[in-house]
Each structure stands twice: as C-alpha cells, then as structure tokens.
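J.: Sequences are here, hints too, so could you generate the full structure?
Protein chains: 2
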Amino acid sequence: MTDRIRRFLRDVDPPTPFLVVDLEVVGQRYADLREALPVAEVFYAVKANPAREILEVLARAGSNFDVASPAEIDAVLNVGVGAERLSYGNTIKKERDIAYAYTHGVRLFAFDSEAELEKLARSAPGARVFCRVLVDNSGADWPLSRKFGCDPEMARSLLLRAQALGLEPYGVAFHVGSQQTVLERWNSALGVAADLFQALEKDGVTLHMVNLGGGLPARYAREVEGVSGYAHAIMTAVTQHFGNYFPRFFIEPGRYIVGDAGMIQAEVVLVSRKAAEDLKRWVYLDIGRFGGLAETEGEAIKYRIGCDAGSGADRTRPMGPVIIAGPTCDSADVLYEKTPYELPLDLAPGDKVQIHATGAYTTTYSSVGFNGFEPLRAYFI
Amino acid sequence: MTDRIRRFLRDVDPPTPFLVVDLEVVGQRYADLREALPVAEVFYAVKANPAREILEVLARAGSNFDVASPAEIDAVLNVGVGAERLSYGNTIKKERDIAYAYTHGVRLFAFDSEAELEKLARSAPGARVFCRVLVDNSGADWPLSRKFGCDPEMARSLLLRAQALGLEPYGVAFHVGSQQTVLERWNSALGVAADLFQALEKDGVTLHMVNLGGGLPARYAREVEGVSGYAHAIMTAVTQHFGNYFPRFFIEPGRYIVGDAGMIQAEVVLVSRKAAEDLKRWVYLDIGRFGGLAETEGEAIKYRIGCDAGSGADRTRPMGPVIIAGPTCDSADVLYEKTPYELPLDLAPGDKVQIHATGAYTTTYSSVGFNGFEPLRAYFI
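Protein chains in written order, with our numbering: chain A, 55 to 435; chain B, 55 to 435.
Treat the hints with care, since some could be wrong.
Which copy is meant is left open, so a pair is good if it fits within one copy or across any two.
Said to hold, decoys possible - Mimicking EDC-like on lysine to aspartate or glutamate, the simulated pairs with C-alpha atoms at most 20 Å apart in a straight line are: (1) Lys392 / Glu351; (2) Lys334 / Asp205; (3) Lys256 / Asp205; (4) Lys334 / Glu168; (5) Lys392 / Glu428; (6) Lys392 / Asp257.
These aren't lab readings, by the way, just hints derived from the structure by calculation.
T.: Listed below in structure tokens is the structure:
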C-alpha cells in the first residue's frame, strides 16, 4: 500500500466497497518498463482498466494503446491520443467495428483467421495486420485457452493471403499467458516468431514487428520476478532468435501497469461457522466474484488480503484459517475455499479489509447490478 | 420460442446482442406453479431478473417476493407491492441494510449464523426469522457450495437463540440446488425440516413455515421434469414428513418463472479453425461469459442454441461440431468447449443465433463494460 493510498483511507474513507488507484504508481510502472526494456514500444492494454484518469497519465507519458472495441477506441481518442498510437488487438471483430476503427484512423489490426482477413480487406483496405499465433503458455496463473491465435503453419499462409488481399502483412503476435512466470516460455515463443519471419522472407514477404503480448505480472500472493528479470529473458531470447536484425517489438502490458497501483477496500459483512465444531470460519465480504473479483474464478488469482489498513498490525494479531466469500445469494460467489487464507481471529462484521494489487481487471468485470449490488466504484488519486 | 418472440424478431429486430422476454410466459408460469402446488406461497426470487416489467406482472398476479438487497427492496416496493409480501432471503446482510429493510416495513428475514441474529435483534427487533439449513444438493446443474446454511444441530440452537433475542423464530429454509432434477433430494430435505420442527417443539418453540427455496428448472439442453412432477414429489414428501399438520410452505422460484420466458439473440462475429486440419470450428458470438452468460462457467448451464429464428430450418441443415466463445479478449470467455455442440456448416459472420431459456440470471450478471462492450439490453413484450 502506498502512502498516498494510506492517506486516502485515513482522510476520505468512502463507503465500501471501492477501488482506489494511485496514479503515481501507474506512471512509475510505465517508466520502469521503458527503462528495463527500451527496445519495446508499449501498448497499454486498455481492457485492464479503461478509466480516463489512467489513460491520461499514460498518454502524457507517451504510451501507445491496445484496444478491444469501438468504445475503447473512443476512450483513448477522447484523451487526445492520435489514432496512429492505437492497435486493434482483438482478433474477433464485427466488420462494422473494423469500419468504425478505420474511419477513425486506426491502421493496425490483429487477426488469426481467413474470415477476419476478408473483413479487414473490405473494411480497412491497406491496413497493417499482424497474425496471432498459438504458443505454449503452461505456467501462467490465468492460463489462456486456445481461443486466440492459430498454429504457425496457418499463420504463414494467412500472412501471404493478407498480402494478396491488399493488406500489409506487418508481423506476428503471441501471448505467453497472464502472470507468466516461466521465463523459458518467452524463449520458445520468440523462436516461433523468428521462424515465421524467415519462412515469410522466403515467400518474398518481409515482416517488421513482433508483438510480445502481455503476461508481465502484478504482485499477488506469491512473489514474482521483477520486471528486470523478464526484460533480461526477453532480450536474451530476442538476441538468440533475431541476431543483429531487430524488428520492432510491441508489448501490451495491462496488469503490470495498473494492477499494483490499485487497492480495494471492502467490509466484513459476516463471520460464521457452519457447525459448532468447524475449524474454518466463513468470512463474507461486501465484494465478491460478481462485484469486481471475477479473476478469483477457480481461485486463479490469489489476491493478498489484509485487515490493518497498512499499519502492519496484522503481523502480530492471532490469525486463523478462513473461507472467503462474496455478498450475493449466488453459491458460486466464493473467493477462496481451497487456497489457505488466514485472517484475524477477532475479525467481526463492519471491519475493513484491504485487497491488494486490484487495479487491473476489476472495475469493468463487475456486474451491472447482480443481486441489486451496484458496480464497483473507483477513486483515482 | 413463442410466437410473440418470433414476431418481435421479424418486426423489430434490434441490434444484437439482446434479451427479449415474453411477459405472457412469466404470468403463465406463475399460474402453472400456483395450480400445481397450491399449498405453497410463491416468493419470486428477484435476483433472477429484477426488471420492472416482470415485477409488475407478478405483483398483479399476487406473488410475494424474495429480495437480496436494499436495491431489490426498492424495486419491488416501487411497483406498489406492500412490504408484508417481501422476504429478505439473503443470509449475509450489512446491519445498515437490515435497518433499511425494517424501516421500509420488511418483517421476514433469513439467517444462518449467530452474528446475523445479533444484527437482526438490534436492527429488526421482533421480526420473523427463519434459519437456512444445509442439505444435500448433489444432482443440481448449478450445485450449491456450503456458502449458505448451517448444520441442523446448529439451526436448532440458533432458533432458540432467536427467541431469547426477542425475535420470532418462524421456520426453516433449505435449497436443494438450482435445476435440481433428483426428486429424492426434496424428500430428504423435507425430512431434515420436519425433524427440526419436532426438536424445537420439544424446546417449547413452535415453528410455522418451511421455505422450500428454489430449484425448479428452466428448459436448457436436457429435457427436465415438468413442474407437476416436482409438485407431486414435494407433496408426497410433505405428507410423509408432516402428516396432517401442515405448516406454511414458501417457495422461491426465479429461473422457473422467467428462464423460459426469455431468449437472447446474438450475432456470429467469426467462424474459424486453428489449423487447416482441425475438425472443430470455433464460433465467436457477440455475447459471452462477461456479457450475460455467466452461468456457462464450467459449462454448468447448457443453453439450447439455434440459428433459424424458430423456423425449424436447423433440422435440415448439415451441421458440424463447434467450440463456442464470446467476443472479449479474455481467453476464459469460452462458453462451450467440452460439451458437444453442433451448428450449421455454412454458419458465417453476421448470422444470427438464438440462445434459448435465457430470461433468468443473464442481464444483471453482465459486466458494466468489460472490453468496452455495453451491458446486455433487454426488451419486454
């Protein structure tokens, strides 16, 4: 917790639940990444947190933006960013959304299928397009399905097809998985990309860009490598696979930029046991899976949770095991049942808890009003 | 699909995705349930779909309402329903929300823990309270965790404690699980309830009500028993366990009342394969898990999906296996990958698909704007 957030809790302390984001951390994370990996052009993944305040900080810092929909395009253009700094990274686009983007000046688009290329050729003629390829992402906390990307052999033929359709085959993209902590994954993925560059060169097509996707972590329950470790792994792999000829490298951090910048304050609604002899208590918070903590599905993201508002008092309070759940009447609205969590034995209804590193993928995931609970409010300081 | 919905698709046909709800079905389902199970007083579970239009139909028909939060209380009172027709069925309530309900006239509250009883005693003095007990709900499509309820032994002592605190111990509640199709579950749950009635009677406390919860199904991919089968099972079990002395029975249908009344129309955004030799196609729709289809988590609810707007043409079109996914950049936004689904081989971007029996647990689950996609719109006809 930053000093600025601690002061906000002390001086403002709005009704729970809410997210508070320290914008200085956002700016610092962007600067850290640029310093650690100067070779990469940063495209902030707007979906992680599309708040205007965050976009403004990153726009001023010089970031580019990865967008997923017309509404995200509008959000970025509305803070004064030129369309040349946007990449439409969603491989699944309605043709009218492609046309919308093109009309507003976007000239860089992702794809992973022939049907998408045909839409792009019709509604974004001449645009730069990059193909997302499937790579191994075992080892990620929020593992990816095969939903995005195609196999490298298909990518090769689709990039040729793009040229035939009058588009500019510009590069390849991959995503090693969010919270990816196995550095070798970057190496094998970059190997796939380099092979595609060489194969296309033989076909007479020169690619210019490798999109490294996201995957840089925020700090949840486990400690993770600092960004310099990632940067080193990426640069080593880049050098190994691309030698002296460097294409452009794009990177699309979302969680890394805003995750640690935010903290959710929630309130304990109830502490109970199901039977007199139960060892574990159930702790019910006023935020759950449908109020912003969707990424606890399958207990995938294990947020750090404290009760001392950053005072350090938790370290000396007697603690006991708990199951943590949300406030809705939905029995699936349980945050942590298998993952061992401990909270103070004297925890009681009305106590405040802090859920750390929640700046990314929380506000926009929250439901419009499930069980009548309003969406997560957010404050930017 | 009803004729009225078919006409709506033909004549109005708004941009996708949207939910359309046939209010005649809502009214009919309520009437069917009253006829099949006249012994039970119906409390509509507002969380299933809190739309004003639905509340109005049910209010006119004479329904009572099960609410989960102050916002749901407001929604029901706002259609002219008296507070005596409300049950605050959430066992997890902030004390200020209890006070809000009490101030607005609500006098019936659920609980499952001592801490909740203490809040109720302070902020809803003298109110009727009922204890939710844990029962076996294996066999349900959307199985319940142990989040709600306590074991029967604890329920007994809590109901005594309620009396000591000046509350009126009114009855017991259970929930056999949503989409519960194993009729024996009702029998064993009612046995637990009857045992509690007898045990409390020995303690000098007469209970008056059994809350049967929800669990009545909508029609998804599998055919399920009609409501008369459930009603018969419930009445048989009631007679067996309660003999000639019948307490009041409350039932809290949500899905049963509004599930089948609604249909989502969506659009195919993309059809693709990941490699040239793949057997299964990926079909991407403009609605997914974060746009209203949250209950496809773990492929629990298997919605019926068609592409012929109810014309029957699907029965003669050549079909092939598909994986069905949503439109966001979230790789977890996959609807059906393991469950075998087939869609027409000539399916193409821009085609409309109908997702049936989606009137319940869709609109309010949808995210406020994940990836920049707006919440699910709904039309009531």
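J.: All hints are to be evaluated individually against the structure, with a verdict given for each.
T.: Hints and how they fare:
no.: 1; hint: Lys392 / Glu351; in the structure: both (12 Å within a copy, 18 Å between copies)
no.: 2; hint: Lys334 / Asp205; in the structure: between (46 Å within a copy, 14 Å between copies)
no.: 3; hint: Lys256 / Asp205; in the structure: within (19 Å within a copy, 70 Å between copies)
no.: 4; hint: Lys334 / Glu168; in the structure: between (53 Å within a copy, 16 Å between copies)
no.: 5; hint: Lys392 / Glu428; in the structure: neither (28 Å within a copy, 33 Å between copies)
no.: 6; hint: Lys392 / Asp257; in the structure: neither (52 Å within a copy, 38 Å between copies)
Hint violations for this structure: numbers 5 and 6, all remaining hints satisfied.
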